[in-house]
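Colleague: Those protein sequence lines, which keep their order, are chains A and B.
Counting in our numbering, the first sequence runs from -9 upward without gaps.
Counting in our numbering, the second sequence runs from 10 upward without gaps.
Please keep in mind that the hints were generated in silico from the structure rather than gathered at the bench.
Possibly wrong hints are sitting among the right ones.
[As the list claims (entries may be wrong)] Here chain A is said to cover these stretches of chain B; the calculated rule only asks that three of the stretch's residues, wherever they fall, bring their Cβ under 8 Å from a Cβ of chain A: (1) 185 to 199; (2) 204 to 211; (3) 215 to 223; (4) 328 to 337.
Yeah, the Cβ is synthetic: ideal placement off N, Cα and C, and Gly gets one too.
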Amino acid sequence: MPVSALNAVEEAGTVLRLHQISKIYPGTVALHNVNLNVQKGEVHGIIGKNGAGKSTLVGIIAGMISPTEGEIFIEHKRFTTLTRIISKKEKISIVTQDPQVILDLTVAENLFMGDYICHNRLVNWKEIYSRAEQILKKANLHINARAKAADLSISERQLLLVLKAFYVENARVVILDEVSASLSQKDEQILYSIIEQIKANGNTIIFISHRTDELLKVCDRVTVLRDGKTIVTESCLELNQEKLSSLIVGENFKISERTKGSGPTCDMNEEPVLSVENLTRLGFYQNITFHLRKGEILGLAGLRGSGRTEILKGIAGIEPAEGGLIRVGGAIRRLTHPSQALQEGIVYLPEDRENEGILGTLSVRENLILNALPAVSRGGLVNKARERQFTAGIIEALGIKTASQEQEVNQLSGGNKQKVVVGRISATLPKVVLLDEPTKGVDISAKESILDIVREKLSKTAGIIMTSPGLDDLIMVCDRILILYRGEITGELSRENFSEGDLYLAVQGNRKTNPS
Amino acid sequence: MPKKLQMQLFLLNNLIWVIIAGFFILNVVITPKFATYDNLVNIVYHSAIMSLLVLAQGLVMIIGLLDLSIESILAFAPGIALLLATKWLPVGLDPVTCIFLTLAVGALVGLFNGVFIAKIGVNPFLQSLSMLIMLRGVVLFLVPFSIFPLAKAYTYAGQGRMAGNIPVAIPIILVIFIIFHFILQYTTFGRYFVATGGNARASFVSGINTSKMVIWAFVISGMLAAVAGLLAAGRQGSISNSMGDGMVMLSFAGAILGGASLDGGKGTPLGMLGGALLLGMISNSLNLLGVNVSLVYATQGALIFLAIVIDRVREKVRNHLLHQEQVKKMLHQEQQAANQLAAG
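Input sequences plus hints: build the corresponding full structure.
Modeller: Shown next as structure tokens:
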């Protein structure tokens, strides 16, 4: 494959070129002078850590985000910005990571939605169904065209959208944004064979993935992004997994003051405050076993879909596990409702802050006090003075920026909203704190201060389990990191052995980095 | 927080009472016989039944849902209780037991609504719509004309008068509103209740038993509707099958005027009392001015619209004030830091 592909690259011209593209958001630079050159008929990989700017970049190409500066060339037409409509007219399609299909419509309708085959302004259903069946057959996908999209698995829905982009929209350039993350192993193979077919037709694919092995297998060339800049565009023939990983991660992780100075936050001889044995939830995670000591900060490192959120939700009683044991302070507990977990001193900070974290229309005070109401009330009656004093204490301690206790939480910035949730769950003096991506979507200074709170305040009294979209947060604060891959724990690193490069490989399923 | 801002926020939070005061003064000037003692008592008395429905609807709205069935419960609860007492049971029941029975029937219907909505996940609009139609049908079937005479003790709440010719219904509803205001503000139950309305998913995740809260909302709503039924039966001295017909839409108007929102998490019982009183005051003054009854109804509809607009504007102004305060605070801190630098 690579040889013929390279020939194709040489013969064909450039189909898409980005020149000095920058995107600046208030407070952050998402992309800085990025150049990208995509050849006709190639599979072009884009890879980088979380926050490297991958999504912004493909958003610009697909016309969903407009760049602050720079030029875009499609074949030889020059644009300074694209809209989704222009982008579609230029035959650029995008398949995003969460498959958006209309559940109540049939497979065929979903395929041809927006591009109905018409005859005298009437939809020609017969033609649509027969074309849909052809497409499904060509892709070797065994789905009935008349089945409802709701009957398909997430993985099949994702493939359906890939087929739509390739065969119905007949796109010249198709962007696959972390599509394989929601595919089953079998469907992954189907995707790879579809990609082969498309390439043979001379169309172009921009392939975004978190997994280096997959990228090397599928792509002809790879562009590495880091901190919003293009680091290199390299032919896959010149790369192997180690080399690619080191390009992605960059120079060795700079050890910050915080990391260097501090020893472990816990006494390793202490009895575990939480033990999990063989915890299993079918299709999400299997045989998860670990212990957590008081004061320890345990990191769960894994890709999207590795089961990290589901494990935390299992322990918090939100989506209870189906098998296995949870021991809190030595005693076996069955936690099937969040209120039971709260009773045991287990609190959970949700990944989805807007929907599961804050009570947006309520005041800062009402949010902060919610879990600690029993502490400021007697016999079910709330003592208002103590409540206000208590809330003021938390606002002060966490440095929450708000005009008054009575301000609506919706009015706060992302970082302050997150601090409100942190304040709420820590107000109960919990024994176990589950932090699901506590630094997600907050700016850099809020991130620093949240990590400080975790290490300096929360870990004084509680055992902490934490996940993070980026590995650097975990490396900065954790005492121990468990590696999660496809719902299983595949390795464990303790603080002295942390290295971002090793971790990056490990979360993708390479087992060799087991320190023991 | 500076005094001026506190004052502004206080007025915004109690906007409904500001409007009532304004409307009152306007009517004193333009409407003859409006500001007489008898008329004012009359307004409150005639608002009593509606105000209980407003509170019932408002509490369900605070939790983020809605209950259409309350106007049918208003007739169903006293109807069933009285039929049990006079016809179906071999021994007659005394009026006080009858009152409790009325409340129990209302609560049971609410419990039925609540369990299906919270545990089975039935859409609250459809659930309460079916109950609205079903209960009204049952009442029309079981009570062909009307049930009367009623025992004196049973009608006392709706008919009785106390010193100063004030109907007993007035202190009854005032006490009910104050109790619920207190519960929502000062008890852990009330706070969990409001939190569930603010964001049910987040409240569940944070360890609140949200389905219990939803069931309670409907039980309370059913019970309040039954109390309203008690007052209505008392006032007309009989139980008719059309009691409460068409009142549910206006219960939304009162609740929204009182600060509730369909998204939940907003509104206070005392605000809702204000909303109900404003409704009553407007229809009273229009009556005194000799405006056609149908136009009065149209005016109340327009009021719903006005309430929603006022609510949005109030929210905007409030956020603007608080935002300005935050900016001022920030500038002040920067100034201080600069001063310190200069001094150091």
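Colleague: Now look at each hint and say whether the structure bears it out.
Modeller: Right, here's what the structure says about each hint:
Here's how the segment 185 to 199 of chain B fares: 5 of its residues keep a CB closer than 8 Å to some CB of chain A, so the rule of at least three is met and the hint holds. Only residues whose C-beta sits within less than 8 Å of a C-beta in chain A count toward coverage, and the segment 204 to 211 of chain B has 5 of them, enough to reach three; the restraint holds. By the rule of at least three residues with a Cβ nearer than 8 Å to a Cβ of chain A, the coverage given for the segment 215 to 223 of chain B holds, with 4 such residues. Here's how the segment 328 to 337 of chain B fares: 5 of its residues keep a CB closer than 8 Å to some CB of chain A, so the rule of at least three is met and the hint holds.
In this structure, none of the earlier numbered hints is contradicted; all agree with it.
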